[in-house]
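There are 2 protein chains.
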Amino acid sequence: MSNGARIDALLAGPVRAINIGLAGFARDLAACGAEVAQVDWAPPAGGKPELLAALERLAAMESAIAAANQAVIERVLAAEPVLAGVHRADELIPALAERRLVLHTGPPLGWREMCGPLRGAVCGALVFEGWAADLTAAERLAASGEIAFSPNHHHGAVGPMTGITTRSMPLLVVENRVGLAKGGGNRAFCALNEGLGKVMRFGGNDAEVLARLAWLRDEFGPLLGRALELAGGIALGPLIARGLAMGDEMHQRNVACTSLFLRAIAPSMAAGGGPLEKAFAFIAGNDQFFLNIAMAMGKSMLDPARGVAGSTIVTAMSRNGTEFGIRVAGTGERWFTAPVEMPQGLFFPGFSAADANPDIGDSAILEAVGLGAFAMAAAPAVAGFIGAGGFADALAYTRAMAEIAVARNPRWTIPALEFSGTATGIDVRRVIETGIAPAINTGIAHRRAGVGQVGAGVARAPLACFEQALLALGDAAGR
Amino acid sequence: MSNGARIDALLAGPVRAINIGLAGFARDLAACGAEVAQVDWAPPAGGKPELLAALERLAAMESAIAAANQAVIERVLAAEPVLAGVHRADELIPALAERRLVLHTGPPLGWREMCGPLRGAVCGALVFEGWAADLTAAERLAASGEIAFSPNHHHGAVGPMTGITTRSMPLLVVENRVGLAKGGGNRAFCALNEGLGKVMRFGGNDAEVLARLAWLRDEFGPLLGRALELAGGIALGPLIARGLAMGDEMHQRNVACTSLFLRAIAPSMAAGGGPLEKAFAFIAGNDQFFLNIAMAMGKSMLDPARGVAGSTIVTAMSRNGTEFGIRVAGTGERWFTAPVEMPQGLFFPGFSAADANPDIGDSAILEAVGLGAFAMAAAPAVAGFIGAGGFADALAYTRAMAEIAVARNPRWTIPALEFSGTATGIDVRRVIETGIAPAINTGIAHRRAGVGQVGAGVARAPLACFEQALLALGDAAGR
Numbered sequence: 001m002s003n004g005a006r007i008d009a010l011l012a013g014p015v016r017a018i019n020i021g022l023a024g025f026a027r028d029l030a031a032c033g034a035e036v037a038q039v040d041w042a043p044p045a046g047g048k049p050e051l052l053a054a055l056e057r058l059a060a061m062e063s064a065i066a067a068a069n070q071a072v073i074e075r076v077l078a079a080e081p082v083l084a085g086v087h088r089a090d091e092l093i094p095a096l097a098e099r100r101l102v103l104h105t106g107p108p109l110g111w112r113e114m115c116g117p118l119r120g121a122v123c124g125a126l127v128f129e130g131w132a133a134d135l136t137a138a139e140r141l142a143a144s145g146e147i148a149f150s151p152n153h154h155h156g157a158v159g160p161m162t163g164i165t166t167r168s169m170p171l172l173v174v175e176n177r178v179g180l181a182k183g184g185g186n187r188a189f190c191a192l193n194e195g196l197g198k199v200m201r202f203g204g205n206d207a208e209v210l211a212r213l214a215w216l217r218d219e220f221g222p223l224l225g226r227a228l229e230l231a232g233g234i235a236l237g238p239l240i241a242r243g244l245a246m247g248d249e250m251h252q253r254n255v256a257c258t259s260l261f262l263r264a265i266a267p268s269m270a271a272g273g274g275p276l277e278k279a280f281a282f283i284a285g286n287d288q289f290f291l292n293i294a295m296a297m298g299k300s301m302l303d304p305a306r307g308v309a310g311s312t313i314v315t316a317m318s319r320n321g322t323e324f325g326i327r328v329a330g331t332g333e334r335w336f337t338a339p340v341e342m343p344q345g346l347f348f349p350g351f352s353a354a355d356a357n358p359d360i361g362d363s364a365i366l367e368a369v370g371l372g373a374f375a376m377a378a379a380p381a382v383a384g385f386i387g388a389g390g391f392a393d394a395l396a397y398t399r400a401m402a403e404i405a406v407a408r409n410p411r412w413t414i415p416a417l418e419f420s421g422t423a424t425g426i427d428v429r430r431v432i433e434t435g436i437a438p439a440i441n442t443g444i445a446h447r448r449a450g451v452g453q454v455g456a457g458v459a460r461a462p463l464a465c466f467e468q469a470l471l472a473l474g475d476a477a478g479r
Numbered sequence: 480m481s482n483g484a485r486i487d488a489l490l491a492g493p494v495r496a497i498n499i500g501l502a503g504f505a506r507d508l509a510a511c512g513a514e515v516a517q518v519d520w521a522p523p524a525g526g527k528p529e530l531l532a533a534l535e536r537l538a539a540m541e542s543a544i545a546a547a548n549q550a551v552i553e554r555v556l557a558a559e560p561v562l563a564g565v566h567r568a569d570e571l572i573p574a575l576a577e578r579r580l581v582l583h584t585g586p587p588l589g590w591r592e593m594c595g596p597l598r599g600a601v602c603g604a605l606v607f608e609g610w611a612a613d614l615t616a617a618e619r620l621a622a623s624g625e626i627a628f629s630p631n632h633h634h635g636a637v638g639p640m641t642g643i644t645t646r647s648m649p650l651l652v653v654e655n656r657v658g659l660a661k662g663g664g665n666r667a668f669c670a671l672n673e674g675l676g677k678v679m680r681f682g683g684n685d686a687e688v689l690a691r692l693a694w695l696r697d698e699f700g701p702l703l704g705r706a707l708e709l710a711g712g713i714a715l716g717p718l719i720a721r722g723l724a725m726g727d728e729m730h731q732r733n734v735a736c737t738s739l740f741l742r743a744i745a746p747s748m749a750a751g752g753g754p755l756e757k758a759f760a761f762i763a764g765n766d767q768f769f770l771n772i773a774m775a776m777g778k779s780m781l782d783p784a785r786g787v788a789g790s791t792i793v794t795a796m797s798r799n800g801t802e803f804g805i806r807v808a809g810t811g812e813r814w815f816t817a818p819v820e821m822p823q824g825l826f827f828p829g830f831s832a833a834d835a836n837p838d839i840g841d842s843a844i845l846e847a848v849g850l851g852a853f854a855m856a857a858a859p860a861v862a863g864f865i866g867a868g869g870f871a872d873a874l875a876y877t878r879a880m881a882e883i884a885v886a887r888n889p890r891w892t893i894p895a896l897e898f899s900g901t902a903t904g905i906d907v908r909r910v911i912e913t914g915i916a917p918a919i920n921t922g923i924a925h926r927r928a929g930v931g932q933v934g935a936g937v938a939r940a941p942l943a944c945f946e947q948a949l950l951a952l953g954d955a956a957g958r
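Those protein sequence lines, which keep their order, are chains A and B. Using the numbering used here, the letters of the first sequence correspond one by one to residues 1 to 479. Using the numbering used here, the letters of the second sequence correspond one by one to residues 480 to 958.
Because the hints were derived from the structure by calculation, they are not lab data. None of the values given here were measured: they were computed from a predicted structure. A virtual CB, placed ideally from N, CA and C, is assigned to each residue, including glycine. Hints should not be assumed to be uniformly reliable.
Selected chain A positions facing chain B (in silico; Cβ < 8 Å) [unchecked claim]:
hint, residue
1, R6
2, R27
3, F220
4, A245
5, L260
6, A266
7, A281
8, I283
9, P380
10, A381
11, A416
Only chain A is shown next, with the shape it has when bound in the complex (with noise of 0.2 Å):
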């Protein structure tokens, strides 16, 4: 065909176009009658002369970035996490027995900024301290100065929701037990999940949820600690693959890994006694047992690669409650923070998103190590539980993700894409570029103190954290 025919041709019967980008052109299209394809497309870095600056600046210096994030992803991706016991936070983080200290999720805040459900927990833990005869006198001391705050990640601890820790709470030890015998090796710590409903994590913070408290320092979490010390640990790397091949992401569903773990140790906790029958009750009644567990994993692999000059993969993200923030590990502890955002979700019946706290929780660490809704594709029926949608959108979770991690976990696979690894390393330029913000599977807190949990979702991490870690990666790398 010659090229006026072609010519002839296309222009022969009615317009079909294909529009890419603002959307706008298609619908005038679509209104004239004309078949249009939309294809959604936006300018790199949102076209943003600062952004593309800073990308152009980290492009000079590409081999020495790679060979950082190499380095990063190889220290993630060696862990050989551990849980290995339990103890009273107190003799594990030296400064919650030194002074009047909350630790509490997400970035620094202080009492002025603290949301709702933060403030209810942190008010219940003065009570469970016995720092405040009640609420209302919790509520005067925190407010007084005379109580100090302090972020769980700033003391090798994560905590979900509010992520309240105390100097009396029992914590979850995970030792990431690569190169210890060389003298290296790293620990992190998670307080017990306490159940589903009305607990501390989600605001709680009356007598109930104090006695539950009470019953996990004194004698839940002892008798799981002289179990995990006669089982001499229980690996969690092995126990994580085994759960997303059994429909966990290890964020909003572990049903799997609470069933495995509790399998594993058993035998232990029969050895070392106790009152059982409630210690076993207790771990079959809630399907996120290991939530915690599997947070400090995540924080034991991550904290590694804190500190790799030059590297753009994020090591932490967390949420306040107010502000979401980050960590990268080319830039060290320097937090990169934003206004939160709001949970996208369903609700649990008798509630709704006027009732809805925005994102928080140390959590999101899961999806920074590769978890979460980033290992949604293995866990289709969690789509569901926080309206993702079904098994394709489960598989899309997994594959937009993807774009903007780095590399691939060959020891965590997923099923449905044919056993290909979880995406690992977030790179702060891949979010940049892409304008894809890492999705975080979550539950839903009551905005009010003392209500609980309300419902689970999906909530997006503010571009705004990343460009300003790109600008400081950028500015770094132009010196």
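Starting from the known structure of chain A, fit chain B onto it as the hints suggest.
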């Protein structure tokens, strides 16, 4: 374009053919350099006139058959199977108390027809019951005619692989509680799973095997039975539903259900007391512990369908290592048998297909109830284990099995198929019409007595069983 022009266009280029059916024609064309797409196709019922005549007779009664099949499906789907307890076999099955009787897998057969592992297991059981001093004496006794043999299926029981059941063995009791209040309800039994490796169900019969059976009888069985009574039983329908969302197909993969079951029963085990550490370690060390529970459940669900006149739905499939047998709702207790086939699969290190025993076990009751190979899409990890391929292959198995089943189980759904229900109710007519033989996920025993498991794979139910069943159904319809 005129017809002449169309024909010219068709013949203008090189030959491009679609070949339907016999592949030989496609090979000839391809050898001449033509582009050929091969479409598998075979004439219905293999083109056999007597089968086509039977299908035609049945087609004339379509509405009566559809109603009978609907009644069968309603019974199966309404089942409420509950694992209720553990009791000695001779307390549950009177015939075992009356004489020296050995129950075995599959349709009936005598000592002379038995394959190696089945003979091995029989001899081990005779020593275990104290009827013979050693294996040599046992073999003499078994051949003497003084021992009676009978299929598990004739006594409300099933057993995996060799499926040996004798009087002192502890049996799991599954109660189908539907209609129990109105005097309905039925029970099915299965021995306890012995673990992996050298075990009686794979033909093992040495001192180690018998010592484990004695421990199950004297210690573990009573302990588990006590716990089940304290718990008021464990409902199995919801447990299977969770297991399907967690990568189990309940035949060659029971990781999730074993773990969920332990989580559910652990509090009652602790309450009941006994040597718990060893009991927990036994369950913790055996991913297939739940298999035998699932099998008894399958039988308890299908048994109420036996004898529904006119129904063409399979109520049991089973193999004794020599013959494969099926039972059909509309033909009651009658077995339709044909020689068993060899499983195709993967072998453990040091073993090969030359070591394999032909297909054996009552466990195909799982495929008959819509699990196992029928639910392979729920368990992509099992596809690799049994050599059936990856995720896509697992989906293909389930889709093929859906072609020969009449219903979907709305309570048992498969996430990777967007939560569609498992294919339930194998229709003899569909098997013959499509030529698709039911696939069965199976363990593979060594063909010699005393060795044990050598691999796992997929076996096919022989079409000849279904042909005989169809002819019998056709005869009944013709009367």
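Structure-based check of each hint:
1. R6: Violated, about 19 Å.
2. R27: violated (31 Å)
3. F220: violated (13 Å)
4. A245: holds (5 Å)
5. L260: Holds: closest Cβ of chain B sits about 5 Å from L260/A, inside 8 Å.
6. A266: With Cβ-Cβ at 4 Å, under 8 Å, it holds.
7. A281: Since chain B brings a Cβ to about 4 Å from A281/A, closer than 8 Å, the hint holds.
8. I283: Nearest chain B Cβ about 7 Å off; hint holds.
9. P380: holds (4 Å)
10. A381: Status holds, d = 5 Å.
11. A416: holds (6 Å)
Of the numbered hints stated above, those contradicted by the structure are hints 1, 2 and 3, listed in ascending order.
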